[in-house]
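First to last, the sequence lines map onto chains A and B. The first sequence begins at 0 in numbering that gives the first Met the number 0 and counts up by one. The second sequence begins at 0 in numbering that gives the first Met the number 0 and counts up by one.
To be clear, the hints were calculated from the coordinates, so they are not data collected in a lab. All C-beta atoms in this analysis are idealised placements derived from N, C-alpha and C, irrespective of residue type, glycine included. Mixed in with the good hints there might be a few duds.
[Said to hold, decoys possible] Pair ranges (Cβ atoms, derived): (1) 131(B) <-> 360(A): 37 to 47 Å; (2) 254(B) <-> 5(A): 47 to 57 Å; (3) 471(A) <-> 192(B): 54 to 64 Å; (4) 249(B) <-> 471(A): 39 to 49 Å.
[Unchecked claim] Below, a list of computed lysine to aspartate or glutamate pairs in the EDC-like style, where the Cα atoms sit at most 16 Å apart: (5) 145(B) <-> 209(B); (6) 75(B) <-> 25(B); (7) 2(A) <-> 132(B); (8) 144(A) <-> 157(A); (9) 145(B) <-> 207(B); (10) 153(B) <-> 121(B); (11) 2(A) <-> 207(B); (12) 712(A) <-> 696(A); (13) 2(A) <-> 120(B).
[What the hints assert, rightly or not] Derived contacts from chain A toward chain B, CB cut-off under 10 Å, selection only: (14) 135; (15) 138; (16) 302; (17) 303; (18) 304; (19) 381; (20) 395; (21) 693.
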Amino acid sequence: MTKFALRALLGRKLRTALTAFAIVLGVATVSGTYVLTDSIDKAFGSIFTDSRKGSDAVISGKSAFKLGDGMGVSAPAFDQGLLEKVRALPEVAEADGSVNGEAQLIGKDGKAIVYGGAPNLGFSIARGASPFNPLSLVAGSWPGKNEVVIDKSTARKEHFTIGQNIRVQAVGPVQQLKLSGIVKFGSVGTIGGATLAGFDLPTAQSLFGKPGKLDEIAVASKSGVPTTRLLGQVRGILPKDTEVRTGQAQAHEDGRDTNQFISFLQKFLLGFAGVALFVGSFVIANSLSITIAQRTRELATLRTLGASRRQVLRSIILEALVMGIFAATVGLFAGLALAKGLFKLFDAVGFTLPNNGLTFETRTVVVSLLVGIVVTLLASLRPAMRATRVPPIAAVREGATLPDSRFARYRSTASVLLAALGFAALLWGLFAPGLGTTGVLLFMLGGALLVFFGIALLSVKLVPPLAGALGWPATKIGGSAGALARENSQRNPQRTASTASALMIGLALVTLVSMLAAGIITSFKTSVVKIWKNADYAITAQNNFSPIPVAAADAIAKTPGVISVGNVRAGETRAFGKTINTTAVNPATTRMFSLDWKEGSGAVLATLGEDGAFVDKGYAKSHGLEVGSPVPLTFPDGSKELFYVKGIFAPPTGGSPFGPVTISAASFDRHVDRPQNLYSFVLMNGGQTTANEAALDRTLRSFPNTKAATRQKFIDNQISGLKSVLNILYVLLALSVVVSLFGIVNTLVLTVFERTREIGMLRAIGMTRRQIRRMVRHESVITALIGAVIGIALGIVLAALLIARVDFIVLSVPVGQLIIFGIAAIFVGILAAIFPARRAARLNVLQALQYE
Amino acid sequence: MSETVAAPTASEARAPSAGAVVSARDLTRRYGEGDTAVDALRGISLDVPKGQLTAVMGPSGSGKSTLMHILAGLDKPTSGEVTIAGTEISKLNDSDLTKLRREHIGFIFQFFNLLPMLTAEENVVLPLSIAGEKPEKAWVDELIEKIGLSDRRKHRPSELSGGQQQRVAIGRALVSRPSIIFADEPTGNLDSKTSGEILELLNRSVQELEQTIVMVTHESRAAAIADRVLFLADGVIVRESKDISAQDVVTAMDELGG
Ligand SMILES: Nc1ncnc2c1ncn2[C@@H]1O[C@H](COP(=O)(O)OP(=O)(O)O)[C@@H](O)[C@H]1O
Ligand SMILES: [Mg+2]
């Protein structure tokens with residue numbers, strides 16, 4: 000029997016390969032994700048360890064609480080006097096201090112050099128020979144006063160040569176520095192798209208606005224001194240705004256944000272791999288069902304020869320197992336290629352990832368194989384159960400049909416129930432109070448799976464009417480071939496439904512995403528239009544979200560024609576035991592924002608003063624705040640201050656630039672080291688004119704990482720980020736659409752095979768090859784359209800549910816896009832039909848008629 | 000020289016006679032319901048003696064296949080009983096029936112029903128491998144010799160002629176030495192010369208291996224090798240002959256309108 004199962008697979012190589020492909024893609028994504036993220040992780044890991052290699056201990060500034068990343072705030076720098084004290088410690092062999100921060104290199108075109116989202120690292124180098132220096136010199140010399148060294152790849156890409164002047168900007172305005180040397184980082188092949196800029200300590204201190212201060216002291220102990228002893232000794236002299244860690248611990252700390260990002264990326268990509276596998280399981284189940292139906296006689300013969308039901312079950316499952324192993328193995332290695340391709344792709348779009356060669360972990364192998372095999376096996380269960388119901392008499396009876404299972408008559412009820420249960424779980428996950436994030440996600444995931452299963456089962460009932468309606472154009476365009484195609488698609492509703500269901504899932508998700516995006520964009524636009532009262536321009540970072548130096552706003556304020564500049568600063572504080580985003584505004588903003596005040600008025604913006612704050616409605620409600628209530632804030636430097644609520648506003652659906660608590664910029668600056676603006680808004684004489692724009696641009700030339708935008712431009716800029724995220728989502732979801740495309744190919748190939756005699760007959764009575772091809776193509780398109788219609792409808796429903804739950808998104812149906820999805824489905828249908836149609840048209844009439 | 004034996008009387012028919020491999024009592028089979036119902040069998044009782052070749056003949060639609068399916072346990076009678084090798088089969092569940100097939104029943108089909116991906120030899124030993132038994136090499140060799148396929152052991156069915164394929168099928172039916180083999184028109188899909196060869200092979204199986212066979216056939220030549228011929232018309236046995244000649248078969252069939 001084992002032999003039989005294996006031979007059965009070998010006897011149908013093409014069909015097996017086509018079926019297996021559905022799983023190959025999913026597994027490749029799983030393994031590709033692991034290889035990619037592991038490789039990035041390892042490359043980053045070695046960057047972080049290399050950079051701390053010479054350090055036994057590292058002293059750094061300490062913030063009062065753990066800070067999130069990217070809000071433009073970092074732990075406060077400490078006084079450089081500490082360095083001499085550390086050097087004086089008996090167990091310390093060497094110690095060097097450094098400062099660091101974002102440092103933009105300005106390209107020859109006057110624009111900041113940025114590769115994708117990679118950071119622009121700036122730091123001081125105490126001396127080249129320092130054991131703490133992870134860099135090695137490729138050419139030139141280490142930097143002296145007003146000099147800079149940069150990394151090799153930036154130098155190459157931007158054609159910088161030693162001795163020339165480079166403009167660099169950190170906190171203040173742009174500075175001219177001389178390029179003294181070119182450096183390379185440790186052992187890593189590329190450090191990704193990051194740019195490196197090294198300075199001597201005084202130059203760095205002035206660039207980063209930290210005169211007389213240090214961010215870090217790296218310490219090496221005398222040989223033979225245990226690290227614990229060194230740490231103990233250092234701790235003895237540490238001021239309270241600093242802390243010390245071992246070099247290793249510091250490397251770990253340095254990598255924390257990166258690790259979080261990598262782990263997010265991994266889960267994110269695995270999620271899409273999961274979708275592809277889920278769709279793949281539909282394709283597998285469907286292909287197996289069709290194959291088994293076609294093998295009825297063979298299976299029945301086995302039964303007459305004494306095979307038990309259990310043996311039939313086992314042989315089908317064994318086939319699935321072998322196919323699963325094969326598909327998973329191919330997928331595993333395809334994933335390796337995929338990861339390689341992704342590195343290249345990222346590189347090509349300028350987002351170079353650090354790359355130290357591909358990492359192939361045992362976990363990748365185990366998980367990929369396991370997932371591929373288990374999914375295939377699960378998908379084969381139902382078809383295998385069906386196969387056991389093949390009665391022995393089918394060996395002799397033409398067209399014997401499978402007896403229905405005992406549960407067949409409950410099928411419709413069960414599928415309705417399943418879908419209903421799924422929706423209930425979704426609703427519960429969305430609206431039930433008190434579920435944790437994990438709970439919400441689990442309910443939603445489980446609910447979505449049930450809904451998809453239920454709808455897939457139910458769609459059998461939808462196929463005849465849908466095929467009738469969607470097939471109508473086929474009968475008009477395709478003539479008799481089109482009419483036959485419509486008939487064919489209704490002939491076996493179960494088969495058409497299963498095939499369409501795979502596509503349905505992908506399209507439901509695509510629709511969901513596009514609905515959410517449309518909702519977010521619409522509500523964001525409305526919000527900006529509402530809040531933005533009479534400012535003429537907004538100043539933002541080139542990438543639209545990074546914080547910008549306060550110096551930029553100060554320079555803008557002095558630009559001719561500028562009436563006033565309203566600034567919004569952003570940072571983090573702790574309030575009521577939680578770390579919250581905290582924003583700050585200067586009085587000028589009162590002329591620029593129009594907020595929906597529940598308590599107080601627009602005047603509050605100008606009159607926050609020393610201890611005033613305004614809060615959003617939700618925060619006020621959850622913390623029982625009203626006008627006059629005290630809000631105690633703890634700043635990163637550890638200082639605590641009481642603020643009093645002066646106003647409460649209701650943020651519009653699309654959100655506002657303000658955090659839960661907003662204070663005055665003056666108070667903010669007193670507690671935050673090197674504050675930065677998130678946005679600045681500019682009011683100008685004469686409003687939006689070319690002259691005004693030119694004036695702003697002239698000023699901003701000293702701040703190459705900033706730009707000015709009108710309201711419309713500002714909205715477009717902000718949305719463009721969302722649109723690229725959206726495109727990434729579409730690409731990833733396209734993967735599951737491709738899987739379902741293979742499902743259609745598979746079904747058609749099997750169907751053509753099954754209808755060989757019929758096709759021969761059609762040819763014999765005068766149908767041309769062209770007409771045969773057209774018939775197959777139309778059937779394919781009808782199937783795809785059925786999937787699209789059900790999928791889009793389901794996607795709209797799911798999106799409506801989600802949007803009902805999430806406050807900041809409004810319901811808006813992107814009709815144009817949905818039509819595009821429909822057209823895309825037609826293309827999927829046409830594409831899927833190419834190969835099967837060609838096979839059908841190629842059939843030799845005589846042979847086809849004799850076919851048994 | 001022919002001898003006509005009356006169908007067994009009702010009193011004789013009560014119990015399955017000793018020595019019969021398969022017995023049937025009062026079989027009826029109705030297809031469908033109401034106005035469109037068809038009575039394919041209308042009261043058939045018979046015994047198949049051990050070591051004999053029983054031929055079943057009759058016009059198309061007379062119920063031969065239906066009878067065969069019911070005798071073999073592939074289909075259930077509307078009423079009546081079938082006993083195979085001492086077991087009354089109407090109460091058997093699927094796994095008992097499976098066991099019965101493994102131990103006692105062999106099939107030869109009109110369309111051969113070979114598994115295309117297995118070689119001739121693998122097809123022959125398939126019932127044994129399904130039952131989890133190891134084929135005895137000497138026996139398999141003898142069998143393949145007997146069916147005349149010694150030089151075709153490794154060929155796939157698609158590489159064999161129709162006659163050769165049916166030989167493989169006969170080998171497959173014989174390999175587990177079943178108590179009985181059912182063959183429904185085994186020559187129905189073959190030309191006249193090949194049919195003769197196949198009939199001869201079946202005859203030798205009975206003579207040399209003492210194999211019990213029930214065969215539905217339209218071949219008048221089958222009469223020459225059959226120990227007994229049952230004539231069916233409209234779902235009843237109308238005549239039972241021992242040692243009937245081919246010529247008499249033709250006459251009998253003409254009378255039955257077949
Ligand atoms: N599955 C079936 N459903 C309905 N009627 C059937 C079925 N099988 C056979 N019959 C009918 O039963 C009668 C006997 O058929 P069958 O046993 O195949 O005859 P034979 O093999 O002698 O030609 C015929 O009238 C036939 O139409
Ligand atoms: Mg028949």
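Hint by hint, here is what the structure shows:
no.	hint	result
1	131(B) <-> 360(A): 37 to 47 Å	holds, 42 Å
2	254(B) <-> 5(A): 47 to 57 Å	holds, 54 Å
3	471(A) <-> 192(B): 54 to 64 Å	holds, 56 Å
4	249(B) <-> 471(A): 39 to 49 Å	violated, 59 Å
5	145(B) <-> 209(B)	holds, 14 Å
6	75(B) <-> 25(B)	holds, 13 Å
7	2(A) <-> 132(B)	holds, 14 Å
8	144(A) <-> 157(A)	violated, 23 Å
9	145(B) <-> 207(B)	holds, 10 Å
10	153(B) <-> 121(B)	holds, 8 Å
11	2(A) <-> 207(B)	violated, 32 Å
12	712(A) <-> 696(A)	holds, 15 Å
13	2(A) <-> 120(B)	holds, 13 Å
14	135	violated, 64 Å
15	138	violated, 68 Å
16	302	holds, 7 Å
17	303	holds, 5 Å
18	304	holds, 5 Å
19	381	violated, 20 Å
20	395	holds, 6 Å
21	693	violated, 80 Å
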